[in-house]
Every structure is written in structure tokens, then in C-alpha cells.
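2 protein chains.
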Amino acid sequence: MDENLAHAEEAGAARRGRGAGGGAAARRAARSGGGPGKTLTYIKRQIPLYEVLNEEGLALIEANADTVLEEVGIEFRDDAEALELWRQAGADVRGERVHFPKGLCRELLKTAPSVFTQHARNPERSVQIGGDATVFAPVYGPPFVRDLDGNRRYATIEDFRNFVKLAYMAPSIHHSGGTVCEPVDVPVNKRHLDMVFSHMKFSDKPFMGSVTAPERAEDTVAMAKILFGEKFVDDNTVIINLINANSPMVFDETMLGAAKVYARANQATIITPFILAGAMSPVTVAGTLTQVLAEVLAGASFTQLVRPGAPVLFGTFASSISMQSGAPTFGTPEPTLVSYGAGQLARRLGLPFRTGGSLCASKVPDAQAAYESANTLNSTVLAGTNFVLHAAGWLEGGLASCYEKFMMDVDQLGMQQKFAAGVDLSENGQAMDAIREVGPGSHYLGCSHTQANFQTAFYRSSIADNNSYEQWLAEGEKTAPQRANELARRWLDTYEAPYLDPGLEDGLNDFMAKKKESMPNAFT
Amino acid sequence: MDENLAHAEEAGAARRGRGAGGGAAARRAARSGGGPGKTLTYIKRQIPLYEVLNEEGLALIEANADTVLEEVGIEFRDDAEALELWRQAGADVRGERVHFPKGLCRELLKTAPSVFTQHARNPERSVQIGGDATVFAPVYGPPFVRDLDGNRRYATIEDFRNFVKLAYMAPSIHHSGGTVCEPVDVPVNKRHLDMVFSHMKFSDKPFMGSVTAPERAEDTVAMAKILFGEKFVDDNTVIINLINANSPMVFDETMLGAAKVYARANQATIITPFILAGAMSPVTVAGTLTQVLAEVLAGASFTQLVRPGAPVLFGTFASSISMQSGAPTFGTPEPTLVSYGAGQLARRLGLPFRTGGSLCASKVPDAQAAYESANTLNSTVLAGTNFVLHAAGWLEGGLASCYEKFMMDVDQLGMQQKFAAGVDLSENGQAMDAIREVGPGSHYLGCSHTQANFQTAFYRSSIADNNSYEQWLAEGEKTAPQRANELARRWLDTYEAPYLDPGLEDGLNDFMAKKKESMPNAFT
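So the protein sequences, as listed, match chains A and B.
FYI, in the numbering used here the residues of the first sequence are 1 to 524.
FYI, in the numbering used here the residues of the second sequence are 525 to 1048.
Each statement offered as a hint is correct.
To give an idea of the chain A side of the interface with chain B (calculated C-beta under 10 angstroms), a few residues:
no. : residue
1   : Pro48
2   : Val52
3   : Gly57
4   : Gly278
5   : Ala286
6   : Gly331
7   : Pro333
8   : Glu396
9   : Gly414
Derived from the structure by calculation, the hints contain no laboratory data.
Each residue gets a CB set at the ideal place from its N, CA and C atoms; glycine is no exception.
This is chain A alone, in the form it adopts within the complex (with noise of 0.2 angstroms):
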């Protein structure tokens, strides 16, 4: 599909509501070649998995979970009544250490779903978790930003807004995220409200609650309770959210709070170990394999010990540290084959899957950015990852989301998903007719099934100069970054927001308007 040109009325038509993207000036922009495209619904896997244990291995790092999950044991940190709901479930509490006996996490995740439908407020933008989707959504947690200036400096919430502008426009983006970046102007116990609000207004994709703290889990229902209505809350999925593990085997008492929270109001959550292998896992593949495992049963059976059926995904992050510098590093092989593996894990457990993105720790989008990102997004898709967090903006080891980056990671996206399509093997697919009609020694340039089919027939990049090196050198020697910053400025130019009814919004405004008065500003 053209992913650039002449697809904007579509989009317009396509859209719920006034103004939804296809305005006018979107379709100058599209008519000038800077429009971002039709918006694509999630991936429907149509191609195999890849996966690199056999069963045997499989079965071996099963055992060793639930050996270290009995022996060892997960602790659940400052959060009594986590270890109560454990002691009731038959759990072997000692302290805050639970060591849990073999088969316990594995039942209470049977009432676990492994899909469920996660709801935007444009129903078109819904999004399905699980089983042969995958979903896209941006970078999550950068305090920093690289901006269109070249400039390397905290973020705000106008460069929030900004990334949740570009996630909106994105065509091959799914998902609006959470924390695209860090708007360390607001103050930190505020910011939940605007960072929640951003995603409401700005996008009609479906988004990420806070996690920073119990309280701040609650503003992000009750705002969902406004925006969706509260019955529509209380039986559906709306949010999804983040629960780091704090690896090695730990659960904390900030972690803990924000997911009963989200369980209880039947909302989604992520239980991820945050691995840097050799130094929050053992630097073996199969070790932190083992060890992964283990933190999500015990994390993901907690949810359904709050509330069975709560939709949990697993989750895992995989990097490795540099044993010289400790400093962690993406798109290296060992995090490949965790991640591979960790699929393979959470399909046998029957939960959604995530993990990956479009990870590098280098500083500037150069080289070395995209070849860390392209070996991790690779294998994100091929692993049949769920859910993608980061998938877009990623630099310097999650420390900055960088603008030029998201936009060359979004055409890297828009590949994957014509990628996942796989192979067309209808007539017209076959093309022997094409076959027939050219012939040996000529060429398919001007043939039918070419005239028929060449506007979607290949990925049309928004990023890559296919150019001749003359031609090239003509248009200024550019390279990728600078293209990707001329698009993100012609995109932003280009913004329309999504309608939000009037009522809502003053609702919205409201809500945040009392919360904010209620407390002094907190910076740290």
C-alpha cells in the first residue's frame, strides 16, 4: 500500500466524528506528499512464528521456575495484604518472601484470559490483545527528548503532546501509549492528569494509565470512567497498563498498589521483569529465561488473585549489560533469543505477549540506532510479540525519546505490517498470466498485472531516498534524520484533533481542575 499519497479521503471518510484527521489540511498535506496516510488497524499475524526452543527446552525452564518459584520464592514488598491474599491462596509465607507450592500460579491463571479487546474511544482504533495480533504503540518513559533542533534536553508536556500528536497520525502505530516522555514541567504528583488527558484529547487510539502511584491508578479509571462512562469501564478493557517486576524476584509496594488497583477495576496489566541480564538475571539465555518465568507467574497469578479474569499480559524486557561498563545493550544477540523464547513461554501459558520494540542505546539516530532497532524489532514481530511498547522513538537506552528516530521508526513499522500480511497466493498472486504476457528477455514494467496492481503491490518507505547518488546529491545530500525531522515538522503542521464531545472534555477538565487544587505542587 502506498502508505503516503491519496489515502487521506479515505481516512477522512473512514474516521468517527467531525474533523477526525481528514480535514482539509490533512489532504493538502496528502496531496503534497507529507500526509501520514490511511491510519491501519492492528496486525493479523498471517505469517508463521519463529521460535528457538524445542519442547524439551521448554519443559526444562518450566521446571526450573517452578523450583526457584518454590524454593526461592518472590518477594512481595511493603504490601500486607498482597501477602494476605497469598497466605489464603495456599502460598507458604515467610516474611514477605512467598514461595509457592508447585502448580499454584499456573491454576489461578486459568481464569486469565489470552485475548481480550482493549477499547479506544473510536471504536475503529480498539485494539485486540492476544492470540495473531500485534499492536504497536510508542516509546514509554523517557525524561529526556531529542527535538527537531537537534537539541538534547528534558522534556515537557508540550513535547508529550507533540508525540502523542505524531502516535495519532502515524498510520502503522496502533496504540497512543503512556508515558511517551516525561513532562518534567509538570509537577510529578499533577502530571498523571495531563499526561492521561493528552491521550483522551489528542488521539482517539486507545492509551496507558498511570502507574506511579495507587491514587494516580485511580484518577486514570475515574477519567476513563467519564470518558467511556463508568458500566462501560466496569465490563470492558480501556486501559493497559505497565507493572515492572523489580527483578531480581522482587514485587514493591508502588507496583503492587497501581496493579490492584487496575485488576480490581478490570483493567490490563503488564507484568514485565525489567531484565539487564547479569545484572538482574543470570547471564545465560536459559537462566533469565527461568527467572522471567518465574516472576510472571507469580506477578500474573497475583492479578487473578485480585480479581479472576482481570486481563494480564506477559511481559518481558531483555537487554544485556556490557560486563565492562555496565551499561545496558540492545539488539545484541542474547536479548534476541530471550525474547524469542519468552513468546514461546507466555503462548504455553496462554497469556498475551509482550516484549521488544524498536530499541538502541546509542545517542543519536545513526547507524548503529537502526541497527540495534531493526534486530529488535525484527524479532519482535517474529516471536508473535502482542503488544509492543517502544516501538517508536526509542534512543539512547530509553533516556530520550527523539523525534526523528519515531519517524523513521514508524516506516520501519508500516514494513513489519505488510511484512506479517505474508504471502499472497490467490490467481491474481500467482501472476502467471504476467508470466505469460512477457515472456523471456522482455520486461513486467508496462504489463496488465502490473498496471493492475503496482500502487500497492510494494511498501512505499516515507523515510528511505531511493534515488540515483546524482539525484540524490541534487536534493542536498540528506540524510535519513534529516528527512524524518522535514516529516515530523510537516506532520505537526499538519494536526487536526480528533472531535471529543464538548461534555466530556469539560468533565475531563474538571475532574483534573479539583484534583490539582487539592494538593501542593510536588516536584520530586
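Given chain A, work out where chain B should sit, using these hints.
Positioned in the frame of chain A, the structure of chain B alone reads:
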């Protein structure tokens, strides 16, 4: 494995002969962190393959290819001998168009080996072609180089020698390749002699022969007989040669002439449809695969007519053209699907497989180059490719050999080699002792398992900067190509030629001198 440090001593000991790259200068470089490290043997894959087509799809494409071979046919141009061979084999020859009765090509290919050894003058560098082996060889064919001073200019014999030297030193390059760049400062009718000699003199890895004219192929065989001995060359494969189809569905006089010379001498050929889909093949993946299979069946079985048992590879060079500019694109989804599918077809045919590499369209070693190269390389490895041409140094759609890109690609190849070793499930790999020792809330940095394994646990990049932002700033804000530039210079400064028997070298020089005297220089 530590790819950079401390292995030069072992490398020296492992190499045959005096001065074989393990000399004093290399040891100095290794101690200062600039040495290339120990040469790796070719990859023996311990990971599964990735396959995009199911049995039904494969059978459909095979049936369609048989139909193309029978109904449309393949042209063997300007080669009466080839047509006569086909007539005798039972094909229906009409003019230069050969129509193949169903099953004829597959029957002929039963004599072709599915696995063979290409011998190097240093037996430790001999490579397995086929089966679970993957062999990485450098870029092939560019008339230009992007040099270490940032100039894009015509390539010279000095560049040629430099790339041979770098490939010799690169631990993750298993093969010296062929036309690593086109030395345009040497007469076109004589440069094959200098190219073949450079591979023989400046490397001890296996290499490729000239295919630009039958007599140049004869010269290559003659020089190989000087180097290896006549009997050894008669009995063994010491040269591998790139025979491109003139797609669609044509083999021309030049390629047929070279193929005949090499097959008769029991040397290996790689029959490669060179496909820019949309121009040389249909715009669809299935249609392209059908044509690729038909062309390989015709070309590869032709080598068996010439000499039953001569080694022959199933080659595929897959690109799509931009339907706007007509320029080739790389790293995009459609060629990736073609490569995966072609790998499956090759295995069903029982032939070793060649495709992919580190391909890109970018004019500079920027993020575009890296994304495209990584996309291509990841699928090349997962497709089970046995011989990977263009694995390092390819830039600008193959128009330029780039020093910086070569070094960056070499690093990526090392990562792929580590990945292909798969997951260690030994007791040490399981790391249960480490998990028990560390327990919840601690870290693995100092535990005994980490201490015992850290030196080899993680791939260590020669290019990536994983340091903090502040340290990266303090070290000059270098990009990946800048670090690659410094590394290339260090390697070339410390290069030492492998030992070559002076008698053999004299023999090669005598042969070349006589050949050069026997004809006037030609430059077109």
C-alpha cells in the same frame, strides 16, 4: 565471546604458517583494543529456520514453475553447445528457447551435491557450503568506493586489496569473496588476474572466480591449479562463482560460457536470478518465486548436463523496484518474503542456498543504510542461507563499496554468528546455582556464576557505543560511522599478510605476466 581483545595470541597459534596475522603488530593492536580478534569458523546453525510458506503454497509454486518451464521456456542465448546439450537431454528446443518436459530439470539435479566443501589454501579456512552451514562473504561488484576520507570515487586495485585485507582480518567473515570492488584503474581484460591474485596473496580464506568471459574463468582455474596443485583442483572445489540469470528467463553467452568452464573443472556455480521485482519479475511475491524457481531449475540443471556432480547453488537476489522512480529498494517486506520462500524451495530441491546480505539503497552509512541492511541480514540468516554474498560493505544499491559500512556490517555478522549458536541448555546455561545464590532483591554482578561466565556471556560489539550520554559527549560525540572509520584505519595499519610459499607466488606472477603480455590493454 570478546570479539576485540586478547585473542590475537590464540589466533596466531591457530593459523597455519608464519606471519599469519598473529604477528607482533597484530598482538600490539589487540592489546590496545584495536585488533580484530580471532577468526571464527563458518556458522554451524543451531537454531531453527524460519519459513513463510506452507506445503500447499510450496507445491503450488513448484507446479507453476513446471508450467513456466514447459509452456514459456527459458532462452539460452548465443550458445549452440548449450542448445545441443538440451536437445540431447530430451528438451524441446525451438530456436534459442528451451522448453522442458515436466520433471527433466529435477531429474538432472539429482547428481548435484546438497553439501560440499570449498577448500581454502589454509585448510582451517575451508568452508562447508550447504546443510546447516552459513558462510559470510563481502560485497561483490561495486565500481565505486566510499573511502575513509569521505570521498565517493571510482574504485582502484588498492581499494580492492584493502577490502581483501579487511575481510581477511574480520573474525565474522568466512570467505574472501570475489569482486569486492571493481578496480577500474586496471585494464578490463586483465584485472581479473590482479583480483584473483589479490585473494590468493592477501588472504588465506576461500574466494570467488572471474565470470566476465570464459577465458577469464579459464585463467582463474589455471591460477587455482598453480596455488592448490592440478590434481587437488580436479578432485576438489576451490572456487565458487556467481552466474546471474538475465531475468526474465534468459541465460546469456557470457554467463553460460563461464558456467561451462567452472562446471567442467568441478568448481561451484551459484545460479542466481537477479530480480528487481516489477521489472525483471511480476510485482507479486508468489509470481517472483515461481519465476526464480523456473530460472534456477533450468540454469542449475544445465551445469549437471555439462558435468554431472558439479557443485551448484540455488541463488536468489531479491529486490523490489520503486514503482515511481524505477530504482531498486532494499530491506523492504516483499524481497524478505521472496528470500524466505526461495530458501524453502532450495531445500526441497536439495541445493545449497544463496541470498541476501547487508543490502541497502542509502547513499551514506546512515540510519537508512542500517535499517535496510539489518532487515536484510536478519532474514538472510533465519532463511537458512548457506552462502551470503554482500554480507559486508554494500552501499548505494551495490554501486559503492563503503569502508565504514564494511566495518559496521562485520560487527553485525558477529552478532548473527552468536545468535545462530542458539540457547545453551547445559547445567551452566540453566544457571540455577546463580539464582539460588543471589535470591530476591540482590544483583548478579558479583556472583560466582557471573564471574565464571562474564567474559564469553554476551556478544561484545566493536562499533556500538553503550556508554553514558556524558561519557559519549566527553569522547567527542562520535557516530557509528566515525568509530567504524577509526577501526578500519587501525586494522589496515596492523595488517600482516598470511604466509604464501614464495615458489607458488612466483608461479602466479609468471602466469599473470605472460597473460598480460599476450594482449593489449582494454578499458571497455
